[in-house]
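Read off the chains here:
Protein chains: 2
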Amino acid sequence: MPSLRRHVPILDWGRTYDRTALTNDMVAAVIVTIMLIPQSLAYALLAGMPPEAGLYASILPIILYAVFGTSRALAVGPVAVVSLMTAAALGQVAEAGSVGYAAAALTLAGLSGAMLLALGVFRLGFLANFLSHPVIAGFITASGVIIAASQIKHLLGITASGHSLPELLGDLWRQLPETNPYTVVLGAAATAFLFWVRNGLKPLLGRAGLPPRMADIAAKAGPVAAVLVTTAAVWLFGLDARGVAIVGAVPQSLPPFTLPPVGLDLVRALFLPALLISIIGFVESISVAQTLAAKKRQRINPDQELIGLGAANLGAAFSGGFPVTGGFSRSVVNYDAGAQTPAAGAYTAVGLGIAALALTPLIHFLPKATLAATIIVAVLSLVDFSILRRTWDYSRADFAAVSATILLTLIVGVEAGVSAGVILSIALHLYKTSRPHIAEVGQVPGTEHFRNINRHDVVTDPAVLTVRIDESLYFANARFLEDYILDRVIGDEGLRHVVLMCSAVNEIDLSALESLEEINRRLADMGLKLHLSEVKGPVMDRLERSHFLQDLTGRVFLSQYAAAKELSGGAAACRDGAGREADPAA
Amino acid sequence: MPSLRRHVPILDWGRTYDRTALTNDMVAAVIVTIMLIPQSLAYALLAGMPPEAGLYASILPIILYAVFGTSRALAVGPVAVVSLMTAAALGQVAEAGSVGYAAAALTLAGLSGAMLLALGVFRLGFLANFLSHPVIAGFITASGVIIAASQIKHLLGITASGHSLPELLGDLWRQLPETNPYTVVLGAAATAFLFWVRNGLKPLLGRAGLPPRMADIAAKAGPVAAVLVTTAAVWLFGLDARGVAIVGAVPQSLPPFTLPPVGLDLVRALFLPALLISIIGFVESISVAQTLAAKKRQRINPDQELIGLGAANLGAAFSGGFPVTGGFSRSVVNYDAGAQTPAAGAYTAVGLGIAALALTPLIHFLPKATLAATIIVAVLSLVDFSILRRTWDYSRADFAAVSATILLTLIVGVEAGVSAGVILSIALHLYKTSRPHIAEVGQVPGTEHFRNINRHDVVTDPAVLTVRIDESLYFANARFLEDYILDRVIGDEGLRHVVLMCSAVNEIDLSALESLEEINRRLADMGLKLHLSEVKGPVMDRLERSHFLQDLTGRVFLSQYAAAKELSGGAAACRDGAGREADPAA
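In order, the protein sequences belong to chains A and B.
In my numbering, each residue carries its 1-based index in the first sequence increased by 117.
In my numbering, each residue carries its 1-based index in the second sequence increased by 117.
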């Protein structure tokens, strides 16, 4: 049943599962579980959900991904950017903290799961490619800034809301007088500690002789230490009575069975956000999965990944969670801790289940400021504005797309930002192809190679104009070519032949075919012959289904060299050192 | 002042205006005026406007176009497709025949004029190229069907409404019992007569010895004869008392000065329709202008045409009209009648002004059925479903775009149809470029030319894989290339070199550059070198601004022949008859 195995990868790796794999997976699971507890609570806070939802969103989704996903190291659960997008989407339909808000989160996860599944089943994973690398980089950077800004309120012990930078900063400014000093001290200490763990501890452990992999894991346990210490501090000194916001009572329960509401208005309001969350989540997850797979020479199947992530999100929808995806930091810990198969994820789920059942009373006094500190330190590592410099140096079109993405994400919000980035990238690409580069070419002496007359020392024949169009010919540039050729030939008295060198023409659509017919007609009126050279197989197949080749006044040459040799007659043969025959197949 | 002359072409042709030109223009103007009267009334009826609006829309716009437009033969005024789109747009904001309806028409014309002007000033005329030829052909065909269907009610003497085929036919079916027999007889006679004039009279006149141009003009006067005869019939037999709908009282007046209302809600509701009307009107007008200009070897400046049409529509907005553009039939008559300069248009405007002042009482008894008959006969010549067959034979993508355009125009409406056509064409183009054709190539024996190993008998070296990517490399296909190359090289043991032949690569954006870097790294891990060949000048310029060329494990060759010669070493030199040196510039 190879086809069933393809769609349910567990049947593949499950057959060879042995004792070594079990041990490795168990060790990784324990480490990841410990690290995931504060991270899950923190991202629930970011998404505006109750803390237990963060644990729930990490249990069933992990198991389902283990069954359907193809990556052996990917850890699925709440991640920063998707949690931010979740908060932005839900903020439009319900009040954060309300029952409707948590219910809408189930619908959002369910919609996203259904979309991911559909994209996977219909093999539409390539759609994610329309998010260009710079747009993704810009979006993640801008999201990181917004996430950090949205957590400042927890460090100050005030309330503020908004999903864009101006809203957030304005609200913070207005609430600033309400700042709680105890919270500030606690939050600042936690933030400073976590920054030190990330930037100072790891080199220290390294110098102390710890292997780099262990040092990495120890550094990643920093948030756990911060949680333990600050929770103890609140409990010991009764800081909650002095205004320090704490997580409070969390139900002791395994993930509940929940049914996402499916009201038409709710689904309509959440449709576009769910689509954007699905695509961003997929792109983030697959790039993590591919990075990790490349290290072990494994291959990731993007369409199967969509199915795995879809199943995970449906799992979140039916077990009290919110949208999830494969996260970078949790996956890297999983990988570094030695996870060998997706079973490691399942064991992690068991660990988190135990935590949800037994450990929740212990986090009653956990200050929200600590969770905010872990978020801020985590997301600031995502912020990297160097993409602006790199695109500026390399391509202004990419720069325009990335700037628009960053600006709109910061000022208007995540959905506007990512949509603008995609639309602008596509529009700029279309604009460029609508005004293609066109070069007049001549023969590089001593070769059969033809290059731009403005860039290379080449040989040309005044009776033969050879034009290389550097783009597929389609509706957007058909008229451009027509104008170019006709403008170029007018008044060029010695001209007898025009050759279109089609080495860069990968398609000729019907609009362009009609333009070529028009060019052919107009050149014939002027007594000029039109020829084509280096037409590719698929393009030629199509031309043969039209009348164009019968109407063409000139010929179609296999190579530009054959065209030049034939059309220039004796003169060209003189210039050509080898004096070979034109290809008989031309 | 060449720059002022460029923007006000009248300063150019006006300087050489002489007596011959004056005579020719006057003769053409008389002929066109006579033909335009029934046509203007009919298109006003189609647009749901009072009859005099059709005359008004032909007066000031013609004069303004004569000043700002570049075509010497184009006649501007109400045309069928734009009138249909006007009716569809206005139907959404007001009741046909109401005061608000006529006022909204001014706003629509004003918006369209402002948009056309802006597109012209910012040189955005190329945007119209995104309407592919098949989409335009399909849209005009479907519009013709809807226009004809919308006029059947006038032939039957019933009332019916709707802007899509199902609505129109359903309404007609329900109202059928109300049919007025006198109207049917009159309408059928007029329709039959006009069809005969178009298809039967012209050959007859030709056989009678009339020169073809005169026969053409005489045939085009058919509607005038139909108007005269049926108006007389209604007046003589008192048919209006028997239920035949007539044009009725029309004010005797020159075009009034009107101010288009600019309420925010109205402008918002009409914005998208105005944009579509502008683009469709521009495309229709410029294709007519270019067809006529080509016959006289004149050139049309598209951006200046936008300014001319913009001025004409602003004129319509301030003189009681509705959206106008350059029409095919009126322009052809103008051309055939011998118009030599845009002044012919100005004289036509004078003629129509006289008609609006003096002749309107004469059309009191003109039956609407006659106007409907002239519309039906005119638009059925636009209907040509052969575009479906042509696209089906040539390109399935074009076929999909044109089918969607036709279906949606017929079933949903003009705006949905043309939008779907544009969006689908672009989406299919992007889809194709996201999965480019990739060919492995080898050397055509006895040449320096390299072609697809599956289509040609070529020579290859097992140690060198040469891959030609038939598309620019950009975000949508960057990952596709990465997957293709890595899948292809895995398990190919004898391989040492991979050459990307970039003759069809017209751009490498930052996403694709990162993919190339990844391919380079992964191939290096496998002990393979990556080379490029035939990289174009503009692409190379950009690569030189990045780190890629420093990191590249292999080299960049000027020609594929140079690459093959160098990488295959002695073996290739043996196969190559001439044994030339690789190009030193590579």
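No lab work stands behind these hints, which were simulated from the structure alone.
Don't take every hint at face value.
Claimed, not checked - Not the full set, but computed from the structure, chain B residues with beta-carbon under 7 Å of chain A:
id, residue
1, 247
2, 509
3, 513
4, 515
5, 577
6, 580
7, 596
8, 599
9, 665
Yeah, the Cβ is synthetic: ideal placement off N, Cα and C, and Gly gets one too.
Hints, verified against the model:
no.	hint	verdict
1	247	holds (6 Å)
2	509	violated (10 Å)
3	513	violated (10 Å)
4	515	holds (5 Å)
5	577	violated (17 Å)
6	580	violated (22 Å)
7	596	holds (5 Å)
8	599	violated (9 Å)
9	665	violated (10 Å)
When each numbered hint is compared with the structure, violations occur for hints 2, 3, 5, 6, 8 and 9.
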